[in-house]
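In the order they appear, the protein sequences are chains H and W. Letter 138 of the first sequence, counting from 1, is numbered 138 in my numbering, and no numbers are missing. Letter 73 of the second sequence, counting from 1, is numbered 73 in my numbering, and no numbers are missing.
Please keep in mind that the hints were generated in silico from the structure rather than gathered at the bench. Be a bit skeptical, because a hint or two may be false.
Distance ranges between label pairs, derived from CB positions [what the hints assert, rightly or not]:
(1) H:K161 - W:L33: 45 to 53 Å
(2) W:C80 - H:K126: 49 to 57 Å
(3) H:K65 - W:K30: 49 to 57 Å
(4) H:F235 - W:K30: 34 to 42 Å
(5) W:Q96 - H:L199: 17 to 25 Å
(6) H:N200 - W:C80: 36 to 44 Å
(7) H:N55 - W:P34: 47 to 55 Å
(8) H:R163 - W:K108: 37 to 45 Å
To be clear about the criterion: a stretch of chain H counts as covered by chain W if any three or more of its residues have a C-beta under 8 Å from a C-beta of chain W, and this derived list gives those stretches [unchecked claim]:
(9) 59-67
(10) 75-89
Negatives, chain H to chain W, calculated, CB over 10 Å [unchecked claim]:
(11) K16
(12) K99
(13) A174
(14) N175
(15) K179
(16) F235
The C-beta atom is built at its ideal place from N, Cα and C for all residues, glycine as well.
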Amino acid sequence: MTEEPSKTMTKDENTKGVYVVVPAYNEEKTVSEVIEKIASRGYNVVLVNDGSADNTLECAKKSQKKYPKHITIVSHYINRGLGAALKTGMEDALTHNAKYIVTFDADGQHEVNDICKVCQPLHEGKAEAVIGARPFEDMPKSKSFANSMMNLLTRIFYRVKVRDSQSGLRAFSANAASKIDVVSQGYGVSSEFIKEIKLNNIKLDEVTITTIYTPETQAKGTNAIVGFKIMMKMFLDLFRF
Amino acid sequence: MQQLLLYQIVFLVIAVIAVALIFKRFKNDKTSLPTFMLWTFLWVFLVIFAFVPHTIDVVAHMFGIGTGANLLFIISIIGCFYLIFRLYTKIDDLNQNVNDLVRELAIKNEISLDDKDNKKD
Chain H
1 MTEEPSKTMT
11 KDENTKGVYV
21 VVPAYNEEKT
31 VSEVIEKIAS
41 RGYNVVLVND
51 GSADNTLECA
61 KKSQKKYPKH
71 ITIVSHYINR
81 GLGAALKTGM
91 EDALTHNAKY
101 IVTFDADGQH
111 EVNDICKVCQ
121 PLHEGKAEAV
131 IGARPFEDMP
141 KSKSFANSMM
151 NLLTRIFYRV
161 KVRDSQSGLR
171 AFSANAASKI
181 DVVSQGYGVS
191 SEFIKEIKLN
201 NIKLDEVTIT
211 TIYTPETQAK
221 GTNAIVGFKI
231 MMKMFLDLFR
241 F
Chain W
1 MQQLLLYQIV
11 FLVIAVIAVA
21 LIFKRFKNDK
31 TSLPTFMLWT
41 FLWVFLVIFA
51 FVPHTIDVVA
61 HMFGIGTGAN
71 LLFIISIIGC
81 FYLIFRLYTK
91 IDDLNQNVND
101 LVRELAIKNE
111 ISLDDKDNKK
121 D
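Use the sequences and the hints to build the structure in full.
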C-alpha cells in the first residue's frame with residue numbers, strides 16, 4: 001500500500017497545496033488502496049463518499065487513520081451523483097486553501113504518478129485547467145467508440161475540441177476551480193466541466209495519462225447507454241438559463 | 001325558461017366549489033393573484049360553455065378550428081404539456097435544492113483527523 005515512501009519527502013514541493021478530490025460511490029474494493037497510494041505520495045486527499053450503500057466510508061475512515069494529516073473525508077448522506085460529489089470535494093478543498101485541485105476516480109483506473117503530470121502545466125503557468133487525456137488506442141473498442149462520440153458531441157454542443165472529454169483525471173488552479181459551477185448529477189459532468197472552462201475563458205491544456213483497465217474500471221464509465229443519457233442531458237441543458 | 005340538464009348543474013356546482021377553494025387559498029396568501037385569476041376565468045368559461053354550448057364553436061371558428069370539441073382537445077393537450085413542463089422544472093429545482101443541502105451538510109460535517117483543520121466551523 002505505502003509504495004515508495006521515500007518519494008514522500010523528495011516530492012514535497014510538487015505536492016504542497018495539491019488537493020486530490022476522489023469521489024466514491026460503492027467503491028469499497030478499491031477506495032482504500034487508491035487514497036492510501038495518493039496520500040503516501042504526500043498529496044492531500046479529499047474523499048467524497050457519495051451516499052455509498054457499501055462500506056466505502058468505513059474503508060476510507062480506516063485509511064484516514066493511517067494518514068491523518070493527508071486524508072479528509074466528506075460524506076453525502078444520500079447519493080447525489082458524480083457532479084455533486086466533485087463539486088462538494090472541490091468546495092471543501094478550497095476551504096483548506098488548496099492551490100491546485102485534482103479530480104481522481106476512486107475505481108483505480110488512474111495512475112498516481114499522473115497527478116504530477118496534470119499539475120505540471122499549472123506549475124508552469126501554462127494553463128489553469130488541465131485534462132488528463134487517456135489514449136483511446138489503449139481502450140477496449142466499445143469504450144473507445146463511446147468516448148469518441150462524446151468528444152464529437154462535446155464539440156458540437158460546447159464548441160470545444162478536446163482529446164478526451166470524459167476523463168476523470170483533471171487539475172484546476174484554485175482560481176479556476178472557484179469559477180467552475182457544475183450542475184449535472186451523473187457522468188454528464190465531464191462534458192460540463194469543459195463547457196464551464198470555455199464559458200469562464202479558463203486556459204485549458206491536455207496531457208496524456210495512462211489508464212489501468214481492470215474489471216472494476218470496465219464496469220463503470222462511458223458506455224453507449226451512459227453516452228445517450230449524456231447526449232439527452234446536453235440537449236436539455238441548451239434550454240436551461 | 002329552458003330546463004337545466006344534469007351535467008350543467010354538476011358543472012356549476014363543481015365550478016362554484018373550485019372557485020371558492022381557490023379564493024380561500026388566495027385569501028390566505030397561498031396562491032398568487034395571476035393564478036387565482038387564471039383558474040377563475042377557466043371555470044367561468046367552462047360554465048359558459050356548459051350552459052351555452054354553441055359559444056365554444058364560435059370561439060373555435062375565431063381560431064380557425066373546425067369544431068368546439070377540437071378546440072377543447074387542443075387546449076387540454078397544451079394544458080397538459082404546460083403542466084408537465086412546470087413539473088419538470090419544479091422537480092429540477094427541488095433536485096438542485098436537495099443537492100445544495102446534502103453538499104453543505106457534507107462540508108459542515110467534514111471528517112478530519114488533522115488538528116489544524118478541526119478549527120473549521
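Each hint tested on the structure:
1. H:K161 - W:L33: 45 to 53 Å: holds (51 Å)
2. W:C80 - H:K126: 49 to 57 Å: Given about 54 Å between the Cβ atoms, the range holds.
3. H:K65 - W:K30: 49 to 57 Å: Hint holds: Cβ distance 52 Å, inside 49 to 57 Å.
4. H:F235 - W:K30: 34 to 42 Å: holds (36 Å)
5. W:Q96 - H:L199: 17 to 25 Å: Roughly 18 Å apart at Cβ, these two residues keep to the hinted range, so it holds.
6. H:N200 - W:C80: 36 to 44 Å: Check passed, 39 Å falls within 36 to 44 Å.
7. H:N55 - W:P34: 47 to 55 Å: holds (52 Å)
8. H:R163 - W:K108: 37 to 45 Å: holds (38 Å)
9. 59-67: holds (count 3)
10. 75-89: n = 8 at 8 Å, threshold three: holds.
11. K16: Nearest chain W Cβ is 15 Å from H:K16, so the label holds.
12. K99: holds (16 Å)
13. A174: holds (16 Å)
14. N175: For H:N175, whose nearest Cβ neighbour in chain W is about 20 Å away, the distance exceeds 10 Å, so it holds.
15. K179: holds (17 Å)
16. F235: The assertion about H:F235 holds, with a minimum of 14 Å to chain W.
Checked against the numbered hints above, the structure breaks none of them.
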